[in-house]
Amino acid sequence: MGEFEQLVLLAVLRLGEDAYGMAVRRELEEATRREVSYGAVYTTLDRLETKGWVSHRLGEARPERGGRARKYFRVTPAGRATLRESRRVLDIMWTGVSI
Amino acid sequence: MFRLLLPAAQREAALGDVLEEYALRRDQEGSRAADRWRRRQLVRSVGAAIRLHSVPRTLAGRWTDRETLTMWHQDLRLAVRTLLKRPGFTSTVVATLALGIGVTTALFGVFRGVFLTPLPLPEPEELVVVMERGSFGCCGPASGPDYRDWVERERSFDAMAALNPVNVTLTGLERPERVYATHVTPSAFDVVGLEADRGRVLDTDDQLAQDVVVLSHDAWRRIFDGRPEALGARLEIDGVPKTVVGIMPEGFDVPSPWQGTRHHDLYLPMSPETLQGSRGSHSYPVIARLSEGVTVEAAQADMERIMRELAVEYPRTNADRSSEVFTVHEYVYGQAGDQLLLILAAAALVLLIACANVGGLQLARAVSRETELSVRAALGASRGAVARLLFSESLVLAMVGGVLGMGLAFVALDGLREVLPPSMPRIADIAMDPTALAFAMGASVATAVAFGVLPALLASRADLAAAVKEGARGTLAPRKERIRDSFIVAQIALGLVLANGAALLVRSYTELRSQEYGFDTDGVITLSLNPQGPRYEDAEARLRYMEGVIDAVEELGGVRSVGTVSRLPLFGGSNGSVQVEGWERRSSVDQGPLVEVTSVVGDYFRAMGIPLVQGRTLVADDSISDAVGVVINQAMADEVWPGESPLGKRFGFGTPPPWLTVVGVVGDVRQWGPEEAPLAQAYLPYTRGWSSSGYLTVRVSGDPASVIPRVRDAILAVDPTQPPSDLRTMAERLEGRLAQRRFYTTLIALFAVAALFLASAGVYGTVSYFVVRRTREVGIRMALGAGGRGIVGLVVRRGIRLAAWGIAVGLFGVWATTSVAESLVYGVASVDLLSLAGACLALAAVAVAASVLPAARAVSVHPGVALRTE
Chain G
1366 MGEFEQLVLL AVLRLGEDAY GMAVRRELEE ATRREVSYGA VYTTLDRLET
1416 KGWVSHRLGE ARPERGGRAR KYFRVTPAGR ATLRESRRVL DIMWTGVSI
Chain X
-6 MFRLLLPAAQ REAALGDVLE EYALRRDQEG SRAADRWRRR QLVRSVGAAI
44 RLHSVPRTLA GRWTDRETLT MWHQDLRLAV RTLLKRPGFT STVVATLALG
94 IGVTTALFGV FRGVFLTPLP LPEPEELVVV MERGSFGCCG PASGPDYRDW
144 VERERSFDAM AALNPVNVTL TGLERPERVY ATHVTPSAFD VVGLEADRGR
194 VLDTDDQLAQ DVVVLSHDAW RRIFDGRPEA LGARLEIDGV PKTVVGIMPE
244 GFDVPSPWQG TRHHDLYLPM SPETLQGSRG SHSYPVIARL SEGVTVEAAQ
294 ADMERIMREL AVEYPRTNAD RSSEVFTVHE YVYGQAGDQL LLILAAAALV
344 LLIACANVGG LQLARAVSRE TELSVRAALG ASRGAVARLL FSESLVLAMV
394 GGVLGMGLAF VALDGLREVL PPSMPRIADI AMDPTALAFA MGASVATAVA
444 FGVLPALLAS RADLAAAVKE GARGTLAPRK ERIRDSFIVA QIALGLVLAN
494 GAALLVRSYT ELRSQEYGFD TDGVITLSLN PQGPRYEDAE ARLRYMEGVI
544 DAVEELGGVR SVGTVSRLPL FGGSNGSVQV EGWERRSSVD QGPLVEVTSV
594 VGDYFRAMGI PLVQGRTLVA DDSISDAVGV VINQAMADEV WPGESPLGKR
644 FGFGTPPPWL TVVGVVGDVR QWGPEEAPLA QAYLPYTRGW SSSGYLTVRV
694 SGDPASVIPR VRDAILAVDP TQPPSDLRTM AERLEGRLAQ RRFYTTLIAL
744 FAVAALFLAS AGVYGTVSYF VVRRTREVGI RMALGAGGRG IVGLVVRRGI
794 RLAAWGIAVG LFGVWATTSV AESLVYGVAS VDLLSLAGAC LALAAVAVAA
844 SVLPAARAVS VHPGVALRTE
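Chains G and X, in that order, are what the protein sequence lines are.
The opening residue of the first sequence carries number 1366 in the numbering used here; numbering runs sequentially from there.
The opening residue of the second sequence carries number -6 in the numbering used here; numbering runs sequentially from there.
Fair warning: there could be bad hints in the mix.
Unchecked claim - One side of the interface only, derived from the structure: several residues of chain X facing chain G at Cβ under 10 angstroms:
no. : residue
1   : Asp10
2   : Ala16
3   : Leu17
4   : Leu77
5   : Gly81
Said to hold, decoys possible - Computed Cβ-Cβ distance ranges for the label pairs, DEER-style:
no. : chain 1 : residue 1 : chain 2 : residue 2 : range
6   : X       : Ser84     : G       : Glu1368   : 28 to 38 angstroms
7   : X       : Pro427    : G       : Ala1443   : 31 to 41 angstroms
8   : X       : Arg25     : G       : Leu1455   : 38 to 48 angstroms
9   : G       : Leu1455   : X       : Ala1      : 44 to 54 angstroms
10  : G       : Arg1453   : X       : Leu77     : 56 to 66 angstroms
Claimed, not checked - Pulled from the structure, derived: some chain G residues nowhere near chain X, Cβ distances all over 12 angstroms:
no. : residue
11  : Gln1371
12  : Arg1379
13  : Met1387
14  : Gly1404
15  : Val1406
16  : Glu1429
17  : Ala1443
18  : Arg1445
19  : Leu1448
20  : Arg1452
21  : Gly1461
22  : Ile1464
FYI, nobody ran anything at the bench for these hints, they're computed from the structure.
The beta-carbon is built from N, C-alpha and C at its ideal position, and this holds for glycine as well.
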């Protein structure tokens, strides 16, 4: 799992019920303090969905979005398992390291 | 744009997010910051998109084999790495592609918006303008009686309508406002084919009653803030109250041949008497809608039949008149279309040069890699693998170039919208055109890929030993050499054609600028005076008003001379045939010379800086004395009384005419436009003139702009109900008349510079590359005793031969395009020898320099070193 994929998964988890594109993007921007593009966010979400690590539901269509619905993402159990695994490996590797 | 950069499944949600956040940011940080943010997002999304799309989806879908994917992935990464290692080559190709794609696409956007998009009216292709052709040429409006006969006799149209566009003043409002209106026969609404949005359109009863008005959608929103009560409201037009009976739908307009970018605000019924005037006075443009199945040509033939009948029935007025039918689109936008087409052709040339350039560079590079590729093949790489590698490189180049080109097109369109001359019709319709973008990208990408991959495929089949030897020798198989040479020739030739066109336009424009117009624009303020309302119904009252204004303005400090004129120079006028005293009519249809009729009050000639050649200018008495005085221009003096003094001679309009006595001769001015030669012109006293409105011209010492507000106040002090309008300096008006031409000229010149730059870069790149490749050959020759000079001469002769071929083909191209050039340039020959010779020399010099410099370097290298170079 790539670093950005991991960040996106975590952002979706942190946002809980409100994890739609704009919120995810802003969450990432705040955490990384770098500008994050919608292209990157959605390319990654698309990939995560293909891998079965996130799923989505559609909200209501809204006029300020040109009549488009918000797409809310959720981390699937498989996604959680992968995240846990990657954290476990990282924790092991970090043990005893000081930089 | 975002659309393309997003994964298909996420597109809608992502676009929604962008819109939502954009709105949020606009509210919090303002729309500029939000725009900037959106642009940044767009740019940053490109990277993500490339990562996503760089793995061809169809392949990924069909070949589930992970290895294939990895291979492509590796190829792409290798391609990027290889390209980055040759920054010169890579950036040249990418920049060339971007320039070609961007420029062509942006201009096609302009062309399509202005010219190809149909009028927003039902069946616009059936709408035609019917104009009269007379001894003056084409095209003028029709006379009322002619129009009535047309309506009665025609067999080609569903409906036909006469117009009479006028500027009127809305006087009932808090502040009087000048608007553009047109009197129409009620049939105009049938011609256009749209019903009123609210209320009704005009009908024949309105023509008699003359008490109603129909508003355009825009005028309704502007004057009545879009309130529904507007229907039935009173509107005072030039002091006469009218009832609003209808509001037309958005986008509706009665097309008029004069309108250009203006839209009519009001539609007034044309009274039947108007159309019963004299058959000799032509004032009404006519529009019509073709019946189903009738072509413009058929309608033209039908109108010619009618005009022949009328010529027999009314020989005195109609003997030499015929009629012309144009589609509205052609008539109104035709000229802009011609010029834009020229620009588009220039853009296409730039694209072609870009393609030839990229083709040449790719070919050169592929040839230089033959050894590498043959070795790869020998080591076991399949042909497919080699092709894939080269394809990947070309693809990366093309994609980066394409994306940059798109960006360039967006920026260029924004820029163009700002600098386009306001007289250009329908600027608002200019937008990015996806078809053009697809075409330009397709053409350049195909070139890049074709010339990147094809030679490689040939190479991969080639015999290894031969290839290694050939590569080492640094020379080419004759066939490939010819292909490469033809690229060089094509670039030189295309560059020349464009350079010639651009030079012509630039010369033509400077010619126009340095033109003697016959007047002096420095320090002249002009404004429109149009006394309206019951108080100004008779000419005497209007004259008194104008004299009052002249007196009031003369009082102001800094004002040197003041006068009025019915039509400003460069802005057209009206003309009529004169009877000259003592002239015998040659035949019953001989109408005498055609003379421009202009009326003046006050010290117009001095205000406009028109020199007095003989006699005197008009004085107040000239209009009332028995012998009405008139001033004529030099052209009329030369035409009517060649070789004798015109002073004291008499002429007049009509039969029998009230005689006018020539009291003075003034210099010629270009009345009809910067490109139109002066015509015979007569300046009459106001009350003898044909126009009720006029332009005040004020010559001031010092900065005219600072005097404008005081002039306005002085005029309002004479009569507060008559607002002056259209206040501008004469210099501004002249600039305005030249703006469109200046725009096209600048654009073409930019193209020519881009084209010559591209062509030079291409020629230099390709030629010098091959010369460098021959360093080894040079080394051998030197080692065998050849002199340095002889070798340089050998290489240079090649360069010169190529340049000569390019120039020959280019000159043929110039010759082939002269007829196009002739129709578009003013005052210069269609081939500009000086600039053509300059461009030839420049390109030849580039080709020679591209041979000499590397050859000289090769000669200076020690033969031992040269032999070791690959």
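Hint-by-hint comparison with the structure:
1. Asp10: 4 angstroms, holds
2. Ala16: Given a least distance of 5 angstroms, the restraint on Ala16(X) holds.
3. Leu17: Holds, because the Cβ-Cβ distance from Leu17(X) to chain G comes to roughly 8 angstroms (cut-off 10 angstroms).
4. Leu77: 22 angstroms, violated
5. Gly81: Nearest chain G Cβ about 30 angstroms off; hint violated.
6. Ser84(X) <-> Glu1368(G): 28 to 38 angstroms: 31 angstroms, holds
7. Pro427(X) <-> Ala1443(G): 31 to 41 angstroms: Given a distance of about 40 angstroms, which is inside 31 to 41 angstroms, the answer is holds.
8. Arg25(X) <-> Leu1455(G): 38 to 48 angstroms: 43 angstroms, holds
9. Leu1455(G) <-> Ala1(X): 44 to 54 angstroms: This hint is violated: roughly 34 angstroms between Cβ atoms.
10. Arg1453(G) <-> Leu77(X): 56 to 66 angstroms: At 38 angstroms between Cβs, range violated.
11. Gln1371: 17 angstroms, holds
12. Arg1379: 18 angstroms, holds
13. Met1387: 4 angstroms, violated
14. Gly1404: 2 angstroms, violated
15. Val1406: The assertion about Val1406(G) is violated, with a minimum of 8 angstroms to chain X.
16. Glu1429: 5 angstroms, violated
17. Ala1443: 19 angstroms, holds
18. Arg1445: 22 angstroms, holds
19. Leu1448: 21 angstroms, holds
20. Arg1452: 25 angstroms, holds
21. Gly1461: 35 angstroms, holds
22. Ile1464: At roughly 29 angstroms from the nearest Cβ of chain X, Ile1464(G) sits farther out than 12 angstroms, so the non-interface label holds.
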